[in-house]
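Modelling step: build the complete structure from the supplied sequences, incorporating the hints.
There are 6 protein chains.
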Amino acid sequence: MLNQSELSFLSKGEPVDHFLLVKKFEIRLTKNGKEFLSLELGDKSTSSAANLWEDASGFKSIKNSLAVGDVVKITGSMDEYQGNSQIKIDSIRLTKQSDDVTPKDFLPKSLRDLNVMKKEFTGRMEKISDTDLKSLMKILFSEERFEKYTSVPAGKMWHHGYISGLIEHTLEIIRICDLMCDIHPQINRDLLVCGAMLHDFGKIEELSFEPVFEYTDRGKLLGHIVIAAMIVNDEINKIPDFPENLKNNLLHLILSHQGKLEYASPVVPKTLEAITLYQADELSAKVNAYKNVITNEIKPGSSWTKFISLAGTDIHSHGITNKSDDSKKTLFD
Amino acid sequence: MLNQSELSFLSKGEPVDHFLLVKKFEIRLTKNGKEFLSLELGDKSTSSAANLWEDASGFKSIKNSLAVGDVVKITGSMDEYQGNSQIKIDSIRLTKQSDDVTPKDFLPKSLRDLNVMKKEFTGRMEKISDTDLKSLMKILFSEERFEKYTSVPAGKMWHHGYISGLIEHTLEIIRICDLMCDIHPQINRDLLVCGAMLHDFGKIEELSFEPVFEYTDRGKLLGHIVIAAMIVNDEINKIPDFPENLKNNLLHLILSHQGKLEYASPVVPKTLEAITLYQADELSAKVNAYKNVITNEIKPGSSWTKFISLAGTDIHSHGITNKSDDSKKTLFD
Amino acid sequence: MLNQSELSFLSKGEPVDHFLLVKKFEIRLTKNGKEFLSLELGDKSTSSAANLWEDASGFKSIKNSLAVGDVVKITGSMDEYQGNSQIKIDSIRLTKQSDDVTPKDFLPKSLRDLNVMKKEFTGRMEKISDTDLKSLMKILFSEERFEKYTSVPAGKMWHHGYISGLIEHTLEIIRICDLMCDIHPQINRDLLVCGAMLHDFGKIEELSFEPVFEYTDRGKLLGHIVIAAMIVNDEINKIPDFPENLKNNLLHLILSHQGKLEYASPVVPKTLEAITLYQADELSAKVNAYKNVITNEIKPGSSWTKFISLAGTDIHSHGITNKSDDSKKTLFD
Amino acid sequence: MLNQSELSFLSKGEPVDHFLLVKKFEIRLTKNGKEFLSLELGDKSTSSAANLWEDASGFKSIKNSLAVGDVVKITGSMDEYQGNSQIKIDSIRLTKQSDDVTPKDFLPKSLRDLNVMKKEFTGRMEKISDTDLKSLMKILFSEERFEKYTSVPAGKMWHHGYISGLIEHTLEIIRICDLMCDIHPQINRDLLVCGAMLHDFGKIEELSFEPVFEYTDRGKLLGHIVIAAMIVNDEINKIPDFPENLKNNLLHLILSHQGKLEYASPVVPKTLEAITLYQADELSAKVNAYKNVITNEIKPGSSWTKFISLAGTDIHSHGITNKSDDSKKTLFD
Amino acid sequence: MLNQSELSFLSKGEPVDHFLLVKKFEIRLTKNGKEFLSLELGDKSTSSAANLWEDASGFKSIKNSLAVGDVVKITGSMDEYQGNSQIKIDSIRLTKQSDDVTPKDFLPKSLRDLNVMKKEFTGRMEKISDTDLKSLMKILFSEERFEKYTSVPAGKMWHHGYISGLIEHTLEIIRICDLMCDIHPQINRDLLVCGAMLHDFGKIEELSFEPVFEYTDRGKLLGHIVIAAMIVNDEINKIPDFPENLKNNLLHLILSHQGKLEYASPVVPKTLEAITLYQADELSAKVNAYKNVITNEIKPGSSWTKFISLAGTDIHSHGITNKSDDSKKTLFD
Amino acid sequence: MLNQSELSFLSKGEPVDHFLLVKKFEIRLTKNGKEFLSLELGDKSTSSAANLWEDASGFKSIKNSLAVGDVVKITGSMDEYQGNSQIKIDSIRLTKQSDDVTPKDFLPKSLRDLNVMKKEFTGRMEKISDTDLKSLMKILFSEERFEKYTSVPAGKMWHHGYISGLIEHTLEIIRICDLMCDIHPQINRDLLVCGAMLHDFGKIEELSFEPVFEYTDRGKLLGHIVIAAMIVNDEINKIPDFPENLKNNLLHLILSHQGKLEYASPVVPKTLEAITLYQADELSAKVNAYKNVITNEIKPGSSWTKFISLAGTDIHSHGITNKSDDSKKTLFD
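Residue numbers (numbering that gives the first Met the number 0), protein chains in the order written: chain A, 0 to 332; chain B, 0 to 332; chain C, 0 to 332; chain D, 0 to 332; chain E, 0 to 332; chain F, 0 to 332.
Honestly, the hints are just simulated from the structure, not real lab data. There could be a bad hint or two in this list.
Intra- or inter-copy, both count: the list cannot distinguish identical chains.
What the hints assert, rightly or not - Below, in silico cross-link-like pairs of lysine to aspartate or glutamate (EDC-like), each with a Cα-Cα straight-line distance of 16 Å or less:
id, residue 1, residue 2
1, 322, 181
2, 305, 213
3, 290, 25
4, 43, 142
If you're wondering where the values come from, they're calculated on a predicted model, not measured in any experiment.
Spelled out as structure tokens, the structure:
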């Protein structure tokens with residue numbers, strides 16, 4: 000269990016006595032031809048450059064065994080080089096069992112409690128009325144897969160790009176979809192909710208995130224949409240008498256959920272549930288993305304982010320006080 | 000008050016004794032050089048062609064006074080010409096006061112009860128906490144404007160394209176926005192809800208809908224987005240000490256709500272409220288559009304519409320039974 | 000076996016004594032309220048309108064049983080209505096067993112001999128060196144599937160849009176791919192040729208073509224690309240120790256073969272084989288399409304087609320004599 | 000004749016005793032106000048930075064006469080600065096006659112033997128049957144022009160971007176075109192092959208490549224497509240009775256060979272030969288480009304290139320063993 | 000010399016005694032199998048359908064000799080069929096020498112006096128100071144070519160699409176260019192004005208307009224831009240010592256004048272003169288197009304045209320009185 | 000009043016004794032932990048980096064009070080660092096009243112005399128015939144607003160991006176518009192000229208330019224187009240009986256003047272005046288932009304700029320002598 004101050008809080012000159020994740024790693028030569036390690040070290044708050052010189056304690060033992068994704072224990076102090084923070088390393092060692100830290104401790108993570116989210120998800124699953132769909136969901140979200148599903152981020156960047164981001168995102172979509180079903184009884188609620196649960200399911204194979212977020216070869220060659228379709232197709236084929244029509248429509252929700260061909264969906268939404276899922280996904284994703292950008296990209300003294308290319312604009316934090324309190328919450332109560 | 004069977008229910012040969020709206024109207028000549036009227040007549044269910052020959056009762060009195068948008072009383076029978084229904088007219092007359100019918104009776108209308116919607120809207124308005132915004136809303140949605148606002152369709156076609164479509168659409172957006180505020184306390188709820196209420200407000204001047212839906216010259220030259228911004232700007236300027244920051248942000252919500260420059264927004268969404276409003280608008284609009292298209296454009300024996308160019312695809316009604324009943328409704332209750 | 004003159008050769012006034020395919024079919028009413036059938040009848044050369052009146056021989060027996068895709072035997076004569084040919088029907092009957100005709104006889108068909116093409120295909124399959132791939136191909140192109148695969152058109156229109164069009168198209172691509180492998184030994188020949196064989200394999204489930212070319216529900220909801228990927232994935236999973244890397248790369252060829260996201264490939268070509276397959280597919284398709292358009296769309300006395308929207312231009316037949324004879328054939332022999 | 004190890008093989012510390020091409024060149028000042036030369040030097044394997052200080056042997060004699068494109072003889076050693084290789088220069092001199100080196104020796108070059116390619120090209124030219132076209136080709140590919148044509152690269156980057164790249168590329172296209180003519184006898188083989196030979200002919204004036212690849216003013220203002228059309232037009236006008244139709248169609252092949260207006264073709268392909276040439280060009284170019292990128296842009300230990308913007312993706316080298324040997328070569332032999 | 004009322008002024012029932020141009024022509028059969036001619040006849044004001052029955056005077060003599068582009072003398076009367084005007088023909092004959100009419104009399108024509116325009120053009124040519132350019136212009140605009148140049152329309156539709164439209168359009172551009180030269184002395188006035196004169200010069204070979212506007216094969220295969228470049232290149236090559244730089248820049252103006260690759264310019268504007276010419280061309284063309292559309296496409300009682308796809312909008316005639324009189328004309332006098 | 004040599008003329012080693020504008024400003028730490036100021040200083044000719052060390056005269060007094068937009072008096076000398084100019088500062092102080100310099104003295108400025116431009120503008124205003132429009136213009140261009148209007152640049156970059164750039168640009172457009180009115184009497188001259196005057200009027204609130212060009216929050220949230228429309232709407236509403244039609248058309252000119260939705264106009268040009276204004280704006284803007292780029296971005300010894308992304312090309316200065324003198328000026332005099 001990690002118990003140390005966040006790296007981003009350390010000022011120039013303060014001592015460093017921290018476990019940190021190795022994010023980049025390269026062996027280089029000084030002008031005199033001596034080897035040194037050029038590192039990037041970080042925790043979930045930030046990253047910092049660091050050079051490990053051959054006279055640092057631990058240099059020899061670590062030089063040939065270190066890899067990106069390792070956690071190291073550092074002592075030293077915060078320094079600065081050309082305006083950027085840099086860690087001056089006095090000693091370094093790899094973690095050992097007894098340190099009780101894992102690379103995951105150093106990755107950004109959903110702010111929502113994971114157990115609460117799991118319970119919310121399984122609770123919603125229980126309320127599915129269609130027995131074919133319910134059986135399928137239980138198989139798909141079985142132990143090992145469910146662990147992975149509830150850990151994976153929704154992406155490498157932009158929205159919900161942190162540990163357990165996918166389940167947080169999916170739960171938002173389900174709430175939006177349920178609201179749309181309240182408004183439009185023509186929507187098949189079970190089908191839509193299952194589509195929402197599965198829409199990014201393929202990310203469990205598309206993304207690896209230990210030690211760092213990365214796309215797998217399989218992920219890059221097939222994409223999460225087709226991966227999900229193939230897994231779901233496999234599992235349905237094992238269920239006797241699963242209705243063909245239902246199968247095609249569920250697969251259609253997965254395949255079309257990015258809404259447009261140019262967003263990598265091989266088919267566009269062609270059913271009422273498919274258009275609902277696509278638009279609910281967009282709503283959840285874009286609002287989360289703007290919220291994160293406002294939090295992370297506005298510098299003190301400013302109310303604007305830099306230009307955010309995925310949004311096509313710089314984004315503004317207006318600072319107008321939110322006067323509506325909880326008693327004013329309303330879905331037209 | 001209109002009390003007659005719907006035109007779409009009449010089969011070939013059945014008698015017609017109906018009030019109908021004149022949707023098109025042209026004086027033409029027969030091969031023998033005699034005048035006749037080529038008409039399109041309809042109610043909210045459908046429209047039908049009809050030729051009025053000079054020997055029909057009422058021809059003379061009506062020929063020079065008739066105009067598109069008039070309601071006429073017809074007797075005759077349903078006929079067919081080249082596969083399309085056509086009304087054979089025996090007699091025709093203009094409506095009179097005592098008939099108690101108005102052109103509005105012949106336009107498609109929201110299926111929701113208007114009074115319920117009005118109450119829902121004003122009730123939501125009451126729950127606004129920010130006093131500047133609440134005052135402004137009350138002025139903007141004053142008697143006469145409110146009447147118009149609650150009558151106007153959201154558009155000529157595609158989504159919510161019927162009487163009181165705008166308020167139905169707006170109420171959906173508000174519910175979606177309130178849900179997003181529950182999920183993200185960083186969103187300024189009052190600001191967002193007011194933006195939702197005002198986003199299509201300019202349509203009260205952009206569209207005329209009596210007797211038929213039509214864009215006004217002002218609407219075509221300025222567009223509903225700028226019309227709304229100018230009205231809101233005018234009213235804010237009359238309120239002493241309305242905060243400049245709040246004003247700019249509220250106007251930004253109106254201006255950016257179509258999300259992209261190519262969709263006629265002069266600025267793209269730059270705040271958390273603006274992106275939420277845009278995506279909530281999209282969600283409400285697209286789901287309504289698909290629902291309507293499925294209802295109106297699928298012929299008996301088929302499960303597909305024709306190609307719908309605004310959706311870029313044909314749309315499918317899968318017919319899978321909705322097994323989720325009301326007891327399964329959930330926003331993670 | 001069908002033995003009759005082609006419909007397109009019949010002039011006005013000539014007798015008709017033909018088997019023809021029913022392509023459209025609707026029951027309509029005359030002005031006097033009598034039923035008649037409005038038909039479109041055709042063979043592989045062309046189609047023609049025809050009205051079947053109640054006094055025609057066979058009207059009663061056929062009226063309620065007829066369906067699109069049936070073959071009927073007609074006697075009558077060629078007529079004309081408003082400049083278009085029309086068949087005047089004297090008598091009509093459904094085909095019977097002994098007529099020995101099938102709807103397929105009335106669909107356009109590849110000009111190449113099917114058995115030659117089958118032999119070419121299986122011969123090429125035999126020359127695959129990689130044993131994993133060769134086994135897989137033999138399973139995929141097993142009896143029933145191979146029958147379907149060698150019958151299906153490559154599409155509803157534009158290129159190779161006729162019976163056995165897919166195999167004709169695939170054989171062209173294989174020849175182009177083999178040439179590219181000769182030029183570039185870096186290309187993995189077995190992988191590429193298998194990708195070529197499978198690239199449009201999903202069309203066996205996407206298209207039905209009996210009695211007329213039509214997309215299936217499954218085809219429209221999933222698309223032939225994902226259908227193929229799912230079938231291939233299924234069969235590979237049954238082969239023990241099929242290499243994961245090979246599997247992912249073969250699936251990548253299927254998924255990326257349309258080259259761009261906006262052409263409905265969920266991933267773009269990311270390997271040397273993938274880019275080769277995409278460009279070879281384009282070359283075969285576009286040249287075939289232009290050839291067909293020039294054959295079918297140029298009217299006598301003109302050297303230009305109408306504007307062809309898929310090509311973005313009208314297309315020209317220059318009529319310059321081809322002076323190169325077979326002795327001049329060269330691949331730099 | 001150049002006989003020295005490739006620059007890319009030299010490690011830090013190794014002596015340099017090489018002829019190298021000057022690729023960039025700037026006179027700068029040290030902090031103390033002394034002049035030095037900031038250089039980029041290279042051979043066909045790679046380029047490296049080098050600073051020439053005023054105490055180096057040869058500094059004075061070379062300072063004012065040096066120019067980009069010169070070849071210099073260097074002695075010194077390989078060094079490194081901020082992670083990039085840098086040459087430490089001890090002495091420098093310009094080449095002299097007796098060194099027997101030319102700038103061309105330092106540019107990347109086709110891996111195919113130039114004489115073989117020339118013979119292949121002229122051999123193919125001999126097989127043209129149409130006498131008008133054959134005469135024209137012989138004039139166009141006369142001595143001096145043919146020298147230039149067989150030296151020029153096909154472009155500054157992306158595909159076939161090396162000395163004699165254009166002829167290598169053209170020969171590939173011709174082979175593809177000949178194959179397409181075998182498949183489709185409707186294609187005019189002579190016309191198509193001449194179009195292939197001429198399609199990038201304008202590059203002999205668009206690009207200068209001695210001492211380094213560069214676009215000429217004329218090339219930038221007119222483009223190689225129009226340059227080629229003007230030269231061919233000029234030469235045709237000198238041939239009596241060259242058929243007008245043939246002339247227009249040959250020029251059309253040159254003008255339309257980039258396939259789309261946005262790719263700088265002033266007309267799109269409108270004939271069977273034109274579409275064949277465009278797609279054959281694409282096939283040759285894209286496959287060559289991917290092959291080069293895989294060779295040059297994948298770092299040891301990785302199987303992916305960086306993101307390649309012209310391809311819109313990163314590109315993968317799967318490393319699957321090519322099991323097909325020469326005995327399996329097939330064009331359906 | 001043509002002296003008759005315009006066809007568009009004739010009402011139903013009025014006698015027709017007119018020379019008219021044959022715009023379409025087809026031999027058809029009546030239901031009884033008798034031949035008749037289906038015609039489209041017109042003058043520069045409008046066109047009208049007409050059927051020529053075999054009992055009309057002149058039918059036999061004309062049936063086999065008539066062709067599109069002929070002028071015929073008609074007697075008969077204006078009629079109407081399904082709401083469209085139709086000419087009822089009593090007698091028909093081909094024109095003869097003594098009628099003194101030519102097909103050109105029936106094509107729309109510039110409203111400006113041709114001789115005034117010719118004088119304006121040659122006058123401007125005289126003021127060119129650069130002697131190389133002036134010589135070239137005089138050669139290019141020599142007798143025969145100048146006749147053609149001053150007759151040709153600027154296009155088949157949209158802007159200046161009438162006889163002598165090209166010179167009218169060119170004179171407008173020259174005036175705009177001269178103004179820009181007054182504002183920016185950095186622009187080379189002679190070069191720009193010559194570019195303006197030549198920018199659409201290729202239309203003399205791209206378009207044929209007798210008897211009706213049509214693109215030539217050469218025009219469709221090469222496009223007017225390249226045609227002009229080739230003619231100008233030819234003529235320059237005959238002038239000794241014409242400066243290479245000037246030649247390339249003049250050709251660049253022709254090639255780049257459509258401003259963007261997707262508008263069929265093979266190069267984009269790269270010089271100050273080129274950007275000026277492109278924008279001046281746009282200004283002249285778009286204003287002319289809107290003016291024509293307002294004149295031709297607004298029906299009585301309306302102030303809006305239909306949707307004009309080339310403009311992407313319907314266009315409005317506001318009817319606001321122009322209060323500025325000639326005394327208020329100003330270029331900041 | 001500023002009287003000093005331009006910064007861009009100073010060579011390495013020359014003394015600096017200049018007032019300069021502070022364009023960037025950051026407090027940093029040396030490796031030894033001492034504070035220094037990292038500055039960017041400039042005048043209208045160029046900008047240069049400068050480090051202010053703690054031993055410089057004035058360091059202490061200035062460190063905490065300095066801000067971007069201040070003018071400082073510097074003594075020191077021109078230096079160079081890594082090839083870029085850098086100012087070595089000996090002493091620094093803030094300006095005082097008696098120095099008689101303002102930040103505006105350090106911003107680029109129109110080369111035209113401001114008073115001449117003002118007179119030209121007001122003179123043109125006087126010639127407006129329509130009394131409603133003339134009154135409105137006089138109110139809108141009243142004292143304070145006119146001052147701002149005649150100071151503001153037309154943009155931050157690309158065209159007319161300097162003090163008084165907007166009025167210079169507007170005057171060019173007016174001249175072009177007046178010429179178009181001479182050619183086409185159908186254009187309403189008063190309406191068009193007023194539209195030209197107002198088209199970028201909103202920039203007076205969109206841009207702040209003291210001390211440096213910057214977009215305001217209001218400008219970014221609403222855009223100059225809507226800001227202008229709201230101001231003009233406000234002022235018109237105060238004028239009794241201003242014609243509704245005229246108001247809508249004037250507002251339409253402002254709203255549509257960027258010509259396309261994707262260029263941020265909420266409506267496209269729908270009137271003859273609107274299309275004229277858009278194209279005149281384009282002509283003035285693009286020519287000015289090319290002229291500036293040629294002036295500023297071509298290095299000695301070259302005739303090409305770097306790639307200019309807003310133009311989509313590199314731009315050429317051909318250097319052909321302008322032989323046309325003033326006596327040859329012509330608008331067809």
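To see whether the hints hold, each was checked on the structure:
1. 322 with 181: Between. Shortest inter-copy distance 14 Å satisfies the 16 Å Cα cut-off; intra-copy 28 Å does not.
2. 305 with 213: Close across copies (14 Å), not inside one copy (26 Å); limit 16 Å.
3. 290 with 25: Intra 35 Å, inter 28 Å, cutoff 16 Å: neither.
4. 43 with 142: The answer is neither: 27 Å in one copy and 55 Å across copies each exceed 16 Å.
The structure fails hints 3 and 4 (numbered hints given earlier, in ascending order).
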